[in-house]
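All chains should be modelled from the sequences, with the hints used to inform the complete structure.
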Amino acid sequence: MQVQLSHPARTVEVKGPKKVKDLLRELNLVVEAHLVIKGDDLVTEDEMLYEGDQIEIRPVISGGSQAEVEAKAEQKHPTDSSSTLT
Amino acid sequence: MNCTKCKTKAVIGLPRHNAAFCKGCFNGFVHDQVARAIKSEWMFGKEERILVAVSGGKDSLALWDILLKMGYRADALYVDLGIGTYSEQSHAKVTKFAEAVATSHGAKLHLHTVEQEAGAGIKELAQLIHRPTCSTCGTIKRYQFNRVAIEQQYDVMATGHNLDDEAARLLGNVLHWQEEYLDKQGPSLPASVAGFAKKVKPLFRLSERELAAYAVLNRIDYIVEECPMAKGSKMLQYKEVLNRLETESPGTKQTFYWGFLDKQRKKQPMATTMTEKDRAVLHPCASCSQPTTAEVCSYCKMMARAKAHSTS
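Residue numbers (this note's numbering), protein chains in the order written: chain L, 1 to 86; chain Y, 1 to 312.
For the record, the hints were derived by calculation from the structure and aren't laboratory data.
A portion of the hints provided could be inaccurate.
[To be verified] Here are the simulated DSBU-like pairs of lysine-lysine, each with C-alpha atoms no more than 35 Å apart in a straight line:
#	chain 1	residue 1	chain 2	residue 2
1	Y	K9	L	K38
2	Y	K267	L	K21
3	L	K15	L	K38
4	Y	K301	L	K21
5	Y	K234	L	K38
6	Y	K231	L	K18
7	L	K38	Y	K277
8	L	K21	Y	K69
9	Y	K23	L	K18
10	Y	K263	L	K38
11	Y	K5	L	K21
12	Y	K96	L	K38
13	L	K18	Y	K9
14	L	K21	Y	K46
15	Y	K108	Y	K231
16	Y	K234	L	K19
17	Y	K108	Y	K301
18	L	K19	Y	K267
19	Y	K23	L	K21
20	Y	K5	L	K19
21	Y	K234	Y	K301
22	Y	K69	L	K38
23	Y	K277	Y	K39
24	Y	K277	L	K18
25	L	K21	Y	K7
26	L	K19	Y	K9
27	Y	K9	L	K15
28	Y	K267	Y	K234
Here it is, written out as structure tokens:
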């Protein structure tokens, strides 16, 4: 089956059938940091995936600007020491 | 795996709650968590005007979606940082959501473009003033969101910070023993002095994975690509470490952050102490009048440095 990955965007071929949790383990990916989408549907870790399925493994981690950790020595605007967006 | 509530096929398992949900019950779970956050932290009421800080990412768009569906009066502000195609794509996602969803709820999208005001995008600006890009970005976004909230008379400003963001930030501050920042780690920060908008984080009870699932299930088209400026950032490293711990021991992130909040609440009423502290040290910036500890605030200093470098 074709598995689409991100960061960087790429497609890998993985042999099925296989459970979602086994696919993540095989690709060395942490469950808590990813969603697995089969076709257009979100699937749980016990879902069985088969040859011919279109799978996307989407990372869920985002964000980098937590200014107080990145630049602790700098004088900052005191509005709020956390990033405004995520 | 079946839904814990209705026993139909589940679409997501939540080990930290020892539960699994179908789409309908998961949406109910998410809305319930946000309602609990709003109520427990006295964030805002149905009559108050909310300004949501949106970036085109899953968390901020999910927050806008959730608040509108829960019947709140929520407008949004997008700050275009001028990061090449990344900003173009994120701007397009926000505009698309505003047109497809927000407008039908009578909500409005505000826009601020960094390049128009500063004459350069965030990357060039950071290089000009010799500061890390993420730090420069944070200063600009905080400043602009506060400015718009005050100028447009919003009652409260809401950001999409989730449980992972807050747990990672707490880990970073604890690792560096930056105790002075711990007071501001709460999910509801008061408008302590004139010139500051009240700031709230209604998603602090939900994990990053839960919010990504909410966006996917509700067909919210968000920018999946990571900000190119954030690559290798410490926050991402902290999140990765916490997610490894969470996978091995579900509930680690909420125990860490919610446990911290419990301790802070028992220690002293945060809103009172923060307000007292802020009033003791803050006064209007000589240049723009937003509150600052210095004569001129760091945003105005930053802009002055950028303008001096660009003209020299």
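Against the structure, test the hints numbered earlier, and report the numbers of the ones violated in rising order. 2, 4, 7, 10, 14, 18, 24
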